[in-house]
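Colleague: Sequence:
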Amino acid sequence: MSTINTVDAGATSLLRFATAGSVDDGKSTLVGRLLHDSKSVLADQLEAVEHASRNRGQEAPDLALLTDGLRAEREQGITIDVAYRYFATPRRRFILADTPGHVQYTRNMVTGASTAELAVVLVDARNGVVEQTRRHAAVAALLRVPHVVLAVNKMDLVDYAEPVFAAIAEEFTTYAASLGVPEITAIPISALAGDNVVTASAHMDWYGGPTVLEHLETVPVVADPSDDPGRFPVQYVIRPQTAEHPDYRGYAGQIASGVLRVGDAVTVLPSGRTSTIEAIDALGQAVDVAWAPQSVTVRLTDDLDISRGDLITPTATAPSVSQDIEATICHVADRPLTVGQRVLLKHTTRTVKAIVKDIPSRLTLDDLSQHPAPGELVANDIGRIVVRTAEPLALDAYADSRRTGSFLLIDPADGTTLTAGMAGTAFAEAAADAAPADAADDEGWDF
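The sequence shown: position 308 = 308 (the numbering used here), numbered continuously.
For the record, the hints were derived by calculation from the structure and aren't laboratory data.
All clues stand as given, with none of them false.
Keeping only pairs whose Cα atoms sit at most 20 Å apart, straight-line, the calculated DMTMM-like set for lysine to aspartate or glutamate is: (1) 346 <-> 391; (2) 353 <-> 324; (3) 357 <-> 376; (4) 346 <-> 411; (5) 39 <-> 214; (6) 39 <-> 217; (7) 346 <-> 326; (8) 353 <-> 411; (9) 353 <-> 391; (10) 357 <-> 326; (11) 357 <-> 411; (12) 346 <-> 324; (13) 357 <-> 391; (14) 346 <-> 400; (15) 353 <-> 414.
Pair by pair, the computed Cβ-Cβ distance ranges are: (16) 115 <-> 287: 25 to 31 Å; (17) 315 <-> 224: 18 to 24 Å; (18) 424 <-> 252: 26 to 32 Å; (19) 376 <-> 252: 35 to 41 Å.
Even glycine gets a Cβ: it sits at the ideal position worked out from N, Cα and C.
Using the sequences provided together with the hints, build the complete structure.
Modeller: Right, dumping it as structure tokens:
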């Protein structure tokens, strides 16, 4: 298959990345330093930070205040919510998610890193790799974040000692590699002083690698969509039925992965009906080929019964369809997830009723052990579940596609998001092979 030239890896490319680390490791200061030294801070923003810093008795501006926007965050000096920031350099555009470090906010890191192509994990050089560092490495591995940067911060407080950095880098790299993290880059920094954040440090001539910003600007993020199977979730059916377009029937949405071409033989799931792509409309113009993540309208040669939530995919690479889903999940709601609970499952543009049939295990991120049959999962828990859906779904394994292998579980009573799910064995094999437990059947949820 020919290579698709999507975007230039230079100035037009976009990198989504997240920061994570233990409390007081300096995540928000690093983010503030990146924004400040890359000249991405407006004058009035910097003035507000300087004013707030003076009120707290600090002579120099506290750059962490550029991201800690909630009043509680400013008062406590901690990050609570995920703070998203957009900035750009001449070489690349960035969307940054500054995530909390507290263990009780693990779910916030999952939210921030779920769409990230790179994760920056901070470590205090004085403390080394701690429990929360291992937790964040495990979450990055769970979410299949392709690039991880270990930023060993506060090197100024250990006299910029190379042996300190080397020992931490070796310990973290060994641990993260054992989790399956594909690429790890270690950088010694001082976010407070600015060493190796945007400009190279004069205090660490023993380090010859890139600064944090240099790495962010050059890490490869543009993949050839031809390598992925085509997936097109239908978002809206367009039928103008006007004098100008009396027979127009188009299926609009965003290509989730891969490439679609005019003339492709396609299958519509979950029905299994087949057809051929007759035309593709993009931005009001007819095109012969389209690729992820373009938003397009697809027209087929046959008039099929297709509605929102259906998946159009090239027949040769169509995924399997099933009502039984095994997945790794992170529970994000305050109320527990229990066996037998009735939920809504949202996958791409499709939402169906479902029942939690079994919770085989809960993952202990401290030592990566599996706690079998926990009975329920509470906020911030990561575990394995088995779900039965009322209608068949076409899910890919999350390891193959982060977009079409992910889903949400939603409370049908009030629409609250309960759980973020990753289909298949996204991180660790289930600890128990016990058969799913039977759930009570009533109120039309018997399937």
